[in-house]
Structure formats: structure tokens, C-alpha cells
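Here is how the chains run, residue by residue.
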Amino acid sequence: MPTKYLLDEERIIRFVAWGKLRKDEDDNVLGVLPDAFALRDGEQSLSVTWCEYFAGAADEQLRCAVEAIRGSMKVSTKSRFAVGEVVRVRACAEGRPNARRLRIVHDPQVNNAAHASLINWPKDDWQLLELLAESEWSQLLTGTDADLLPVTACPAGPRSE
Amino acid sequence: MDYSRPPITESVIELRFSEEIDFETIVKRSIKFKRNYPNELKNFDVVGEFSEKGVFGKSVEVGLRLSSKDELEVLSINKNSLMVSHLAPYPGWNKFSARFHRDFDLFTELFGRRSFTRAGMRYINRLDVPLGASDERKFINVYPHLPDFGASNTGTFAMTSTFELAEQGLGVTLQSATVESPVPRCTSLVIDIDVFAATDLPMRYDMWEGKLDHMRNVKNEIFERSITAEARRLFS
Amino acid sequence: MNALALFNQSRTITDLRQAGAQQGTGGPASRSLTDIFEAIRTSQRVTKPAGMARKLSTLSGEADLEIALKGSRTSFKVLVSRVSMHLGVSWLEKLFAQIDSLLDVDEWDASDPVPNTETARTFIRLLLAMKVSRRPGLGVSNSGNIVAAWTAGPNRLTVECLPNDRVRWVLARVTDGETERAAGDGKIERLREILGPYTPAVWFEYAD
Numbered sequence: 001m002p003t004k005y006l007l008d009e010e011r012i013i014r015f016v017a018w019g020k021l022r023k024d025e026d027d028n029v030l031g032v033l034p035d036a037f038a039l040r041d042g043e044q045s046l047s048v049t050w051c052e053y054f055a056g057a058a059d060e061q062l063r064c065a066v067e068a069i070r071g072s073m074k075v076s077t078k079s080r081f082a083v084g085e086v087v088r089v090r091a092c093a094e095g096r097p098n099a100r101r102l103r104i105v106h107d108p109q110v111n112n113a114a115h116a117s118l119i120n121w122p123k124d125d126w127q128l129l130e131l132l133a134e135s136e137w138s139q140l141l142t143g144t145d146a147d148l149l150p151v152t153a154c155p156a157g158p159r160s161e
Numbered sequence: 162m163d164y165s166r167p168p169i170t171e172s173v174i175e176l177r178f179s180e181e182i183d184f185e186t187i188v189k190r191s192i193k194f195k196r197n198y199p200n201e202l203k204n205f206d207v208v209g210e211f212s213e214k215g216v217f218g219k220s221v222e223v224g225l226r227l228s229s230k231d232e233l234e235v236l237s238i239n240k241n242s243l244m245v246s247h248l249a250p251y252p253g254w255n256k257f258s259a260r261f262h263r264d265f266d267l268f269t270e271l272f273g274r275r276s277f278t279r280a281g282m283r284y285i286n287r288l289d290v291p292l293g294a295s296d297e298r299k300f301i302n303v304y305p306h307l308p309d310f311g312a313s314n315t316g317t318f319a320m321t322s323t324f325e326l327a328e329q330g331l332g333v334t335l336q337s338a339t340v341e342s343p344v345p346r347c348t349s350l351v352i353d354i355d356v357f358a359a360t361d362l363p364m365r366y367d368m369w370e371g372k373l374d375h376m377r378n379v380k381n382e383i384f385e386r387s388i389t390a391e392a393r394r395l396f397s
Numbered sequence: 398m399n400a401l402a403l404f405n406q407s408r409t410i411t412d413l414r415q416a417g418a419q420q421g422t423g424g425p426a427s428r429s430l431t432d433i434f435e436a437i438r439t440s441q442r443v444t445k446p447a448g449m450a451r452k453l454s455t456l457s458g459e460a461d462l463e464i465a466l467k468g469s470r471t472s473f474k475v476l477v478s479r480v481s482m483h484l485g486v487s488w489l490e491k492l493f494a495q496i497d498s499l500l501d502v503d504e505w506d507a508s509d510p511v512p513n514t515e516t517a518r519t520f521i522r523l524l525l526a527m528k529v530s531r532r533p534g535l536g537v538s539n540s541g542n543i544v545a546a547w548t549a550g551p552n553r554l555t556v557e558c559l560p561n562d563r564v565r566w567v568l569a570r571v572t573d574g575e576t577e578r579a580a581g582d583g584k585i586e587r588l589r590e591i592l593g594p595y596t597p598a599v600w601f602e603y604a605d
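Residue numbers (my numbering), protein chains in the order written: chain A, 1 to 161; chain B, 162 to 397; chain C, 398 to 605.
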């Protein structure tokens with residue numbers, strides 16, 4: 001099957017657990033910690049969910065992507081969903097010294113058809129991860145925010161073919 | 162003497178009794194303590210057997226360690242002891258003794274009156290001394306006395322002294338030691354005072370109160386005489 | 398006074414041997430799903446074999462995790478207690494609340510190793526070495542290390558607490574509209590000096 005690359009104008013969502021959220025001393029969420037975007041030991045690529053896999057309006061696609069995540073893993077009450085644009089994430093990662101070209105590809109999984117992988121994602125570049133957390137991949141949705149988005153049957157969109 | 166930041170890292174009141182309580186009874190009857198101590202762990206003794214056949218060991222359940230939600234208040238009920246302890250920050254004698262009173266009364270209600278064989282009150286103090294001020298004699302009066310070997314300071318030490326205060330009907334184990342400090346750029350000195358009694362131990366709390374106050378006064382005097390004015394400046 | 402009484406000390410908490418008690422299992426967090434989303438999830442299954450799908454915990458696995466997190470919370474609090482005379486009671490209460498929140502089994506990502514005493518020890522010594530007035534927010538790294546984060550508007554300092562007093566840090570500091578970024582690693586004793594040019598009071602002290 002040919003590799004399907006995500007387009008610059010498309011969006012990706014990264015699940016952020018409570019422990020990877022940036023908080024103040026009173027546990028108010030302020031953003032994301034760098035490790036939310038770090039590869040774990042043994043991982044070769046960064047896992048995300050691709051919004052434009054689904055058909056529909058932008059907010060409907062966002063809802064579907066969140067539901068795809070919810071269907072594939074334990075999503076706790078206090079966790080968040082970090083929404084990023086491919087173009088900004090790519091520019092940030094590829095703008096680093098000695099950066100390799102990112103390949104952002106559709107990589108469907110058994111329990112998440114909209115799964116995508118960021119290949120050649122740098123390891124151990126904490127400054128990059130902090131920059132992403134600070135600005136380039138910092139829009140956060142709570143579960144409650146997601147629940148307010150419109151509901152559809154989440155059919156696969158034309159980009160999925 | 163009250164200090165704004167008392168150096169007490171752990172305070173303990175322990176009562177031992179000869180008539181054992183079996184582990185299953187401890188588990189069954191300790192449920193009422195859960196309101197104040199929601200956390201529970203088991204206490205074990207390890208029994209080793211050494212013979213020509215080899216070394217064998219097994220762990221034996223001897224009681225429960227119950228702790229408060231913040232883990233600072235601990236109650237241990239074992240087959241032959243009851244221990245009430247508090248980790249730092251020390252809440253003060255009034256609060257600590259009131260908790261002991263509460264737990265002693267409930268223990269008596271649940272397990273019956275006991276004939277006690279030993280009562281101990283142990284306070285572990287840790288003095289965090291800035292590096293560079295490392296001569297312990299500036300801070301404590303309990304340290305080893307060594308001949309002059311030409312050493313620039315006494316380095317590390319640990320010493321134990323046990324003695325009787327016959328007129329008071331008490332024994333004391335007094336320990337001092339240098340320890341690795343949990344505070345950066347410091348070294349720490351421990352003054353560990355265990356005041357105990359093995360005779361004339363009451364069964365009812367109303368008779369215990371005076372005895373505990375007395376033991377505490379003795380403990381305090383030992384502490385005050387074990388430290389210097391320089392030490393007091395560290396935690397006043 | 399017999400010899401046995403004389404030489405037999407009152408035991409302390411650390412003298413007693415302990416083991417994890419069997420705790421009641423919390424069970425997986427429940428989600429209320431509408432029928433439509435159940436249908437959506439069903440319709441999204443594909444026939445390809447799993448690649449990076451997350452492994453669901455077994456019930457016994459979750460029980461083990463709960464016990465491990467409880468042990469971590471206990472150890473962490475005991476370590477904090479040992480230096481509480483330097484932190485103060487109000488710090489203690491709030492820090493304990495943060496520890497409970499971070500190491501809550503309902504919120505814990507099972508892919509993260511449970512923090513051990515070494516990272517907690519470095520974290521506490523970091524607070525003392527920096528003489529901070531302001532508590533950081535707490536997180537955890539993919540390696541199970543405590544992450545301390547201070548945020549003052551656009552100014553961010555993030556410190557991962559490694560074993561043996563080592564830390565890894567990254568910062569963004571805005572001065573006169575310009576953002577400076579830096580990252581490094583080293584011992585906690587050096588950190589205040591390294592952060593000196595960035596005026597760390599912006600993170601460690603409360604604004605007037």
C-alpha cells in the first residue's frame with residue numbers, strides 16, 4: 001500500500017496524560033511539559049491521531065480524532081489533547097541544527113484507523129520539545145472541551161483513501 | 162523549651178506486652194482504627210535458620226502498620242507491642258500525647274487491658290550543620306573522646322551509651338552520630354534519645370499520663386544537655 | 398532494671414520490616430459512552446495487525462500499579478518529612494497534595510515507570526539548594542523522573558530530577574521582548590549559578 005503523507009495544512013492530535021501537563025503550584029494546568037512529545041525507549045516514531053482522516057467540518061474531524069484516541073487507550077479525566085498543525089510542527093522540528101526531514105505518515109492501527117506516525121522524530125532534543133510545548137504544539141483540549149464539539153458518525157474522509 | 166523548627170525527625174511511644182495477640186485477631190479488630198489511619202501495611206519478622214543443611218529463612222507476619230493519609234502519623238500494632246509514632250514536623254507534645262491517649266484507649270477497648278513489660282519514649286533529632294562548621298563539638302555535647310592523633314577533626318562517628326537513672330526508675334539509651342545530610346551543603350548530627358521503663362507500668366491511661374509526662378521531661382533535659390547554644394541557633 | 402530492658406531500644410518506623418499489603422483494587426476508570434460513539438469505535442476497527450496500539454492493563458496489573466504508586470507516594474512523603482523543618486508546614490500540606498495528585502492511579506499513564514526514591518530525593522534537595530519560595534508544578538518524565546516546572550508568564554523553567562543530585566533543565570526567558578532559550582544538565586549545586594544570568598527570582602520568588 002502506498003505511503004500516505006499528511007499535508008501541511010492538516011492537524012494532528014497528541015494525547016497528553018496528567019503527568020505530562022505543565023501545572024502551577026496549585027495544579028492549575030498551564031500547558032504541556034516537553035516530555036509529552038518525547039519518544040519513549042524503544043519507540044522509533046511519535047504517535048499522533050490525524051484529524052483529516054475523517055470526513056466533515058473541522059470541529060467534527062477534531063471530535064472524531066478525540067474519540068479515536070478514547071477508543072484506543074485509557075483517557076483519564078484530567079488528561080488533555082494537544083492539537084498541532086503539521087506545518088508548524090514540521091518547521092519547528094526541521095529548523096533545529098542537524099535535523100532530519102520529518103516524514104509524517106498515516107499509520108493505521110487496529111484500534112485507531114486515524115493513527116499517524118512522525119518518523120525521524122529527534123531523540124533527546126529537549127529544547128525542541130520545550131519549544132513545541134510552549135508554542136508550536138500547545139493548543140490543549142480538555143475532555144469537556146471535546147465533548148462540546150459536534151458529534152458525527154465519523155466516517156472516513158476522502159483523504160483516507 | 163519550644164523551638165520554631167524543632168529538629169525532631171521521629172517521635173515514638175512504644176509499649177510492649179508479654180501476652181501475645183495473634184495476627185488474625187490484629188487484622189480483624191484493627192478495622193476501627195481505619196478512620197484515622199486509612200493506609201495499611203503488614204509488619205514482618207524474618208526468621209532465619211542456620212544449620213548444616215544450609216541457611217533458611219521465612220518471613221512471619223507480626224502485625225500491622227497503619228498510617229494517616231499524609232503518612233506522618235503511624236500506629237503499629239504487633240503481636241507484642243503497640244507503637245504510636247509521628248514523623249516530622251513534630252506536632253508538639255500536647256497533640257502527640259493526645260493521639261497516644263486516643264489510640265491507647267481504643268487499643269484497650271479492642272484488645273483488652275494488657276500487662277506491659279516495657280514502655281519506651283524515643284525521640285530522634287537531626288541537626289543540619291552547614292559545611293565548613295564541621296567540628297561537632299560546637300553543636301553537641303555527646304561525641305567520642307579520642308586521644309590526640311593529630312586529626313584535624315573527628316570525621317564520622319557513631320556512639321551509643323545506655324545508663325540507668327535509678328532514682329527516676331528509668332533507663333536511657335543515648336546515641337549520637339554523624340549522618341549523611343538530606344540537606345545540600347550540610348552535614349548532619351543525630352541525637353537519638355530513648356527513655357524507657359520496665360517496672361511499675363500501669364494498665365490504665367489515667368495512670369500512664371503522669372508517667373509519660375515524667376519520661377518526656379527526662380527526655381527534654383537529656384536533649385537540652387546534649388546540645389550547645391550554637392545548635393539552638395540552628396532551629397530557633 | 399534488667400539488662401534486657403537496658404539494651405533493648407524502642408523501635409521506630411524504619412526499624413519495622415514492612416511489605417506491601419494487599420490493597421483493594423480501584424478498577425479501571427469508567428467512561429460513560431453514548432451508543433453513537435460505541436458504534437463509531439466499532440466501525441473504526443481495521444484488519445491490520447496492531448503496531449503501536451497500547452496494551453490494556455489486566456486487573457492484576459492495575460492492582461500492582463496501584464500498590465507501586467502508593468509505595469512511591471509514601472516514600473516521597475517520608476523524604477519530604479525528613480526536611481520539613483526547612484520547608485515549613487504550609488509547604489508540606491500543599492506539596493503532599495501535589496504528590497497525591499501526580500501519583501494518582503486514576504490519572505497515571507501506565508507507560509510511565511513509577512518514580513523511585515532517587516528522583517524524589519534529588520527533587521527535594523533541588524528545592525533546598527535553590528532556596529525557592531515558590532513551589533513548582535509537578536510532572537513526570539518518560540523515564541519516571543520527577544519534573545519540576547516553574548512558570549511566570551512567558552518565562553518557563555523545567556527541571557527533570559535524575560538520581561544522585563543530577564538534573565536536566567530547559568528554560569525560556571523573556572527580557573525586553575526577546576526570548577532567550579537554553580538547556581543543560583549537571584548537579585543541583587551548580588544550578589543556581591548557571592541560572593544566575595537569567596534572574597531566577599522570576600521563577601523562585603513570588604512577584605511583589
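Just so you know, the hints here were simulated from the structure itself, not pulled from any lab data.
Any given hint could be a false lead.
[As the list claims (entries may be wrong)] Computed cross-link-like contacts, DSS-like style, restricted to lysine-lysine with a CA-CA straight-line distance of at most 27 Å: (1) B:K219 - B:K203; (2) A:K78 - B:K230; (3) B:K219 - C:K467; (4) C:K467 - B:K230; (5) B:K240 - B:K299; (6) C:K467 - B:K299; (7) C:K528 - C:K491; (8) A:K74 - C:K467; (9) A:K78 - C:K467; (10) B:K230 - B:K219; (11) B:K240 - C:K467; (12) B:K195 - C:K491; (13) B:K189 - B:K203; (14) A:K123 - C:K584; (15) B:K230 - C:K491; (16) B:K256 - C:K584; (17) C:K491 - A:K78; (18) B:K195 - C:K467; (19) A:K123 - A:K4; (20) C:K528 - B:K193; (21) B:K372 - B:K256; (22) B:K256 - B:K193; (23) B:K203 - B:K240; (24) C:K528 - B:K203; (25) C:K584 - B:K189.
[As the list claims (entries may be wrong)] Interface residues of chain B toward chain C, partial, derived using beta-carbon atoms under 7 Å: (26) T170; (27) G281; (28) R283; (29) T334.
[To be verified] A few chain C positions that, by computed beta-carbon distances, are all more than 10 Å from chain B: (30) P510; (31) I521; (32) R522; (33) A526; (34) N561; (35) R563; (36) V571.
Just so you know, even glycine gets a beta-carbon here, dropped at the ideal spot from N, CA and C.
For each hint, the structure was consulted:
1. B:K219 - B:K203: 15 Å, holds
2. A:K78 - B:K230: Holds. K78 of chain A to K230 of chain B sits at ~22 Å (cutoff 27 Å).
3. B:K219 - C:K467: 25 Å, holds
4. C:K467 - B:K230: 11 Å, holds
5. B:K240 - B:K299: Since the Cα atoms of K240 of chain B and K299 of chain B sit roughly 43 Å apart, the hinted pair is violated (cutoff 27 Å).
6. C:K467 - B:K299: Violated, at about 41 Å.
7. C:K528 - C:K491: 17 Å, holds
8. A:K74 - C:K467: Since the Cα atoms of K74 of chain A and K467 of chain C sit roughly 20 Å apart, the hinted pair holds (cutoff 27 Å).
9. A:K78 - C:K467: Distance ~19 Å between K78 of chain A and K467 of chain C Cα, so the pair holds.
10. B:K230 - B:K219: 31 Å, violated
11. B:K240 - C:K467: Holds, because 25 Å separates the two Cα atoms, which is no more than 27 Å.
12. B:K195 - C:K491: 23 Å, holds
13. B:K189 - B:K203: 13 Å, holds
14. A:K123 - C:K584: 22 Å, holds
15. B:K230 - C:K491: Holds, at roughly 13 Å.
16. B:K256 - C:K584: This hinted pair is violated, its Cα atoms lying about 40 Å apart.
17. C:K491 - A:K78: Roughly 19 Å between the alpha carbons, so the hint for K491 of chain C and K78 of chain A holds.
18. B:K195 - C:K467: The given pair, whose Cα atoms are some 17 Å apart, holds under the 27 Å limit.
19. A:K123 - A:K4: OK: K123 of chain A and K4 of chain A at ~24 Å, within 27 Å.
20. C:K528 - B:K193: Violated, at roughly 42 Å.
21. B:K372 - B:K256: 17 Å, holds
22. B:K256 - B:K193: Distance of about 20 Å is within 27 Å: holds.
23. B:K203 - B:K240: 12 Å, holds
24. C:K528 - B:K203: 38 Å, violated
25. C:K584 - B:K189: 49 Å, violated
26. T170: Given a least distance of 6 Å, the restraint on T170 of chain B holds.
27. G281: 3 Å, holds
28. R283: 4 Å, holds
29. T334: With a closest approach of 5 Å, the T334 of chain B hint holds.
30. P510: Given a closest Cβ separation of 21 Å, the condition holds.
31. I521: Contrary to the label, I521 of chain C does not stay out of reach of chain B, its closest Cβ about 7 Å off (not over 10 Å).
32. R522: 5 Å, violated
33. A526: 4 Å, violated
34. N561: Non-interface label on N561 of chain C holds, nearest chain B Cβ at 12 Å vs cutoff 10 Å.
35. R563: For R563 of chain C, whose nearest Cβ neighbour in chain B is about 13 Å away, the distance exceeds 10 Å, so it holds.
36. V571: The claim holds: V571 of chain C sits with its nearest Cβ about 29 Å from chain B, beyond 10 Å.
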